[in-house]
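Enquirer: Given these sequences and hints, build the entire structure.
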Amino acid sequence: MKKVEIVVESIHLNKVLEILERVGVSGYTVIRDVLGKGERGIMAGDELTDVFKNSYVFAVCSEDMADKIAESIKPILKKLGGVCLMSDVMWVKH
Amino acid sequence: MKKVEIVVESIHLNKVLEILERVGVSGYTVIRDVLGKGERGIMAGDELTDVFKNSYVFAVCSEDMADKIAESIKPILKKLGGVCLMSDVMWVKH
Amino acid sequence: MKKVEIVVESIHLNKVLEILERVGVSGYTVIRDVLGKGERGIMAGDELTDVFKNSYVFAVCSEDMADKIAESIKPILKKLGGVCLMSDVMWVKH
Amino acid sequence: MAFDLVLQNILNPPILMFLLGLFAALMRTELDIPQPLPKLFSLYLLIAIGLQGGHKLAKSGITPEVLKILVLAMFMATLVPIYAFFILRLKLDVYNAVAISATYGSISAVTFITAGDFLHKLGESYGGYMVAAMTLMESPAIIIGLIMLSLFAKRENNTPLDWKELLKEAFLNPSVYLLLGTLLVGFVVGEKGWVAVQPVFGDLFRGMLAFFLLDMGIVAGRRLGDIRKVGIFLVAFGILLPIFNALFSILLAKFFGLQKGDAFMYAILCASASYIAVPAAMRMSVPEANPSLYVTMSLAITFPFNISLGIPLYYFFINHLWG
Amino acid sequence: MAFDLVLQNILNPPILMFLLGLFAALMRTELDIPQPLPKLFSLYLLIAIGLQGGHKLAKSGITPEVLKILVLAMFMATLVPIYAFFILRLKLDVYNAVAISATYGSISAVTFITAGDFLHKLGESYGGYMVAAMTLMESPAIIIGLIMLSLFAKRENNTPLDWKELLKEAFLNPSVYLLLGTLLVGFVVGEKGWVAVQPVFGDLFRGMLAFFLLDMGIVAGRRLGDIRKVGIFLVAFGILLPIFNALFSILLAKFFGLQKGDAFMYAILCASASYIAVPAAMRMSVPEANPSLYVTMSLAITFPFNISLGIPLYYFFINHLWG
Amino acid sequence: MAFDLVLQNILNPPILMFLLGLFAALMRTELDIPQPLPKLFSLYLLIAIGLQGGHKLAKSGITPEVLKILVLAMFMATLVPIYAFFILRLKLDVYNAVAISATYGSISAVTFITAGDFLHKLGESYGGYMVAAMTLMESPAIIIGLIMLSLFAKRENNTPLDWKELLKEAFLNPSVYLLLGTLLVGFVVGEKGWVAVQPVFGDLFRGMLAFFLLDMGIVAGRRLGDIRKVGIFLVAFGILLPIFNALFSILLAKFFGLQKGDAFMYAILCASASYIAVPAAMRMSVPEANPSLYVTMSLAITFPFNISLGIPLYYFFINHLWG
Ligand SMILES: Nc1ncnc2c1ncn2[C@@H]1O[C@H](COP(=O)(O)O)[C@@H](O)[C@H]1O
Ligand SMILES: Nc1ncnc2c1ncn2[C@@H]1O[C@H](COP(=O)(O)O)[C@@H](O)[C@H]1O
Ligand SMILES: Nc1ncnc2c1ncn2[C@@H]1O[C@H](COP(=O)(O)O)[C@@H](O)[C@H]1O
Ligand code: NA
Ligand code: NA
Ligand code: NA
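Just so you know, the protein sequences line up as chains A, B, C, D, E and F, in that order. My numbering puts the first residue of the first sequence at 145, with every later residue one more than the last. My numbering puts the first residue of the second sequence at 145, with every later residue one more than the last. My numbering puts the first residue of the third sequence at 145, with every later residue one more than the last. My numbering puts the first residue of the fourth sequence at 1145, with every later residue one more than the last. My numbering puts the first residue of the fifth sequence at 1145, with every later residue one more than the last. My numbering puts the first residue of the sixth sequence at 1145, with every later residue one more than the last.
The hints are simulated quantities; they were obtained by calculation from the structure and are not laboratory data. Any given hint could be a false lead.
Think about it this way: if two alpha-carbon atoms lie no more than 27 Å apart in a straight line, the pair counts; the simulated BS3-like pairs of lysine-lysine are [claimed, not checked]: (1) Lys159/A x Lys1312/E; (2) Lys159/B x Lys223/C; (3) Lys1200/F x Lys1212/F; (4) Lys1298/D x Lys223/B; (5) Lys1373/E x Lys222/A; (6) Lys159/A x Lys1183/E.
Expert: Shown next, in the form of structure tokens:
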């Protein structure tokens, strides 16, 4: 299985989740209020206005789906910044 | 080394940590208040009653231990839901 | 690409970020207020004094940089505790 | 006349703030009161009600009348989850029947507080010992529920109940502990001690209640969508059982000669359902039950019903009987 | 005389607390008021100002005078973002011009509240309907901004604006909703209802404002470093446009015969810039614009200017005209 | 008579709430006051004590008497960590001796506030300048500790101390900054300014203290289990050193002719140990020292001892000497 990890500005989190839903992953996990630094500068959180905060999402899915996610997410990353990572992982099924 | 990642409903976190202790991992890291979606629906947190929230745990350990964790965790995943992932990782020792 | 993951006591987070900056990674992501257990005991957070809390950082970078990070981080891990992990990851570039 | 009471209840800042929160959620505004602010409000309300109750109790003293009320409280806290369980078993499996009956056997402190505010506005009052009655009524339903479970459920892997964990959960749960503790503090500090904390735990009380009910409204509103999943049987249960519990307890109260204000608060306790303490215990001990059922019922059906229509309704009956 | 006013404004706990926060950030102490505490304060202030306004409005009634003011409010809320946009286009691309002009077309509730406190200290007052005017002025700038965008920007992939999402963002944003809602609550609960919540939403108001401004000072101080990135044109814009807006609206107010206190609060609304509602909308709908520009300008330039020098300055003009 | 004082101290809402929190933790209820609520309370208390102190100071003026007290404060803040260090070196390594002696050389604002409440209840009072004395006493111990470190420790990789970072940590730490700043604000705003914020920073003070001490009790209770690890020597140190510091400072105060209330508050400052500012500095600059030692000692031994038995004990001595 593939683990797809995405970091995106919190305000645009919904767009990422929509992609995951559309591709049909069986589930995902979200960590809100993640900080970071990247091309678009430091995202250290601004308490009052709530700008400059990221969210971190990961979803485990088949290689197939992972590729589809990668395809759909590229334009979003281009417009809104963020990163998308893929790696191999074994899912322990009960 | 293996990295074992587990997502479980926060209220049952202790059961997972007990397993890790029993198997004898040298340590673990926990991120509380993680959201997610899976078989059992959306876990988006309910402010008042504190239901519907996950925790995320990872532990790095030998392949041997990882297998033991997988074994012990299956019945818990079955009863309580959640996911357990394994992947390869290199531990930078000082 | 390599994913470098580091868990360190929150109060020393800046030292880790300085290393990442010095090595020249293109970015990193930080999750604050992570709990854990390791050689130095349980880090379950102490509400009042704010001791005993970890932060989790990850950075994606070339294998070259990852090695440099590993080198620079060893003395810090020795003095302050914490863990540093490396794994393979694919970066989906737009 | 009954309609008058409804209006008088609704045109109150706390209830209006609740409705404001409810509509905020229904209209999908992003109005949100993030954790731990709701926790601050609920801790505040528990402490305030405890200190006030203790202070009142110190004035009135612990009389036979008080003991009578405490026994009545225990009686209903034990009886309600039993008959609720058998009604629910008509349609549900054992696990969900246990969880829901325990939810309705216990009480909601915020409903109690809101009802107290309603009384206060009418110029009436209740005894400080009613707070003691409330704390007594929080936990028995959990125990009863789990006895039902061990009697009627076939546990898959035959894991026996962890009774120690469970009794702890039932009797040392934070709200029981905090209510009892602050009741005691209020009891022993005397007039001077109460005066020192009154600006916070007395004067601010009604405004804080209004603030907190805004949040309760938001949370209840978000759960309203889940009502469809709950089904008509459980929706009806969530409204009719509280009414039945209230009427039953009002008759009991009349029979045993309780005072008007006390009888009203007693009815409120019997009619209300838990949405914090019991759900937490059930998720731990009966993971097979579906929290979307019992949390939604208690929070999105019974709580709004009680504070909007239930309060004036129960008061209407009591007014008739006590005159 | 003008200097006197400045001093009188500054030697006020809220303003001094703001400065204390500002210096804390500049001197890099680690003084910090973490979320959600700032959220608690801002929710509190919005609810308090809404309830107070509604209560005042219920006393004064809804008169033709009130309607006149509401129309004037809508007028400036529509006009300001238009002329601001064309001024900004002299130096900036369409996206940033849209975001900044929307920011300045809207209002800052905390500036309004601080100005109200200044009036209060001088023994003067304003009508409760000014709170209604404020809520009316929050959102139009968002709509105007996005109309400008669709007229003047060539969207890359021609994604059409999501107007539904947008109108919701504009008119159901949490602060508009909360202000309108509590205005209504304050309006209907009557004297008795207000008295119940006054210890929280009345008496604590000025102390809570001081507490919150400590945080505003810290946040503004942290952003001060970004002013260099903003450039001299935008810094000047962030001070001169508010002054221009204030003078313009004062003349309008004089022309239409507003009362002194109302005219002052009207000028404050026109002069202030949004740093919560509009930035949130812009980050969603115009991600091409740079938030470091519009958030910094509104928070680290215009807000501090308005509450320290702007308030006495605008009052000075009004004093001249109204005598 | 001494027992009377103990009772009078304990039957006070703040102390009872502390005990309530302590037992909650010992009985492992899940009662919890999550961050940032404790932060809200501690910010509130610091601001309130600063504003009150400044307001009192403005009334009394800055007299030679005040300067004398400030010098005495600095004297003890420098002396205590030195002799504490040499006592601790009898059993501990340099690193832990440095961290613990710095902890005891500094002060605890909450102990100070609780003692002030005790005085208040007895109908006595202290001068506003004592708050200034408190802020002066927070930081010197950090500097002394690090001088000890560079004199007596062989740093492994010979990294020199970052003195700039350190002085900043010592003198711009948030609580010192906030106390000094609000002292100044309270000093300059005058009667009218104080009246504006008094409903929050005056009237609520004692209730908020009670609320916060509930949390302190929970945190102290959770650390009680670590006392075993601390060892008998350090437990004794955590009780005897405060008593010694108090007696020593009481004699000093008598010798230099301080007033009764001021002498009492001075003794409290010398007897109390830091659990926020100094631990933070030590974890940064002396990571070799074990925080489970110095945090546990200050929070689970000295703080509970001081507020329960220490306060009446020191007062008892002072009563004898001042009559
Ligand atoms: N190389 C990286 N490693 C880890 N996280 C990154 C990296 N680059 C960017 N990020 C995360 O992605 C967010 C957005 O990146 P960017 O759009 O490049 O500013 C940053 O704020 C970081 O949280
Ligand atoms: N495919 C997945 N990828 C990532 N996280 C998942 C996935 N499936 C489930 N989860 C997480 O595990 C939790 C419990 O899953 P479940 O028991 O399937 O509802 C969810 O709420 C998610 O946080
Ligand atoms: N084997 C492990 N797996 C995952 N996290 C670990 C592991 N060992 C240590 N940690 C994390 O690193 C922190 C510091 O470790 P230590 O310095 O060994 O006490 C711990 O509090 C954990 O959060
Ligand atoms: Na009930
Ligand atoms: Na404006
Ligand atoms: Na001391």
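Enquirer: Given the hint that Lys159/A pairs with Lys1183/E, does the C-alpha gap stay at or below 27 Å?
Expert: 25 Å, holds
Enquirer: If you draw a straight line from the CA of Lys159/A to the CA of Lys1312/E, is it 27 Å or shorter?
Expert: 18 Å, holds
Enquirer: Taken at face value, is the distance from the CA of Lys223/B to the CA of Lys1298/D at most 27 Å?
Expert: 15 Å, holds
Enquirer: Between Lys1200/F and Lys1212/F, is the straight-line Cα distance small enough, at 27 Å or below?
Expert: 18 Å, holds
Enquirer: Straight-line Cα separation of Lys1373/E and Lys222/A no greater than 27 Å?
Expert: 24 Å, holds
Enquirer: Is the straight-line distance between the alpha-carbon of Lys159/B and that of Lys223/C 27 Å or less?
Expert: With a Cα-Cα distance of about 32 Å, the restraint between Lys159/B and Lys223/C is violated, given a limit of 27 Å.
Hint compliance for this structure: hint 2 alone is broken.
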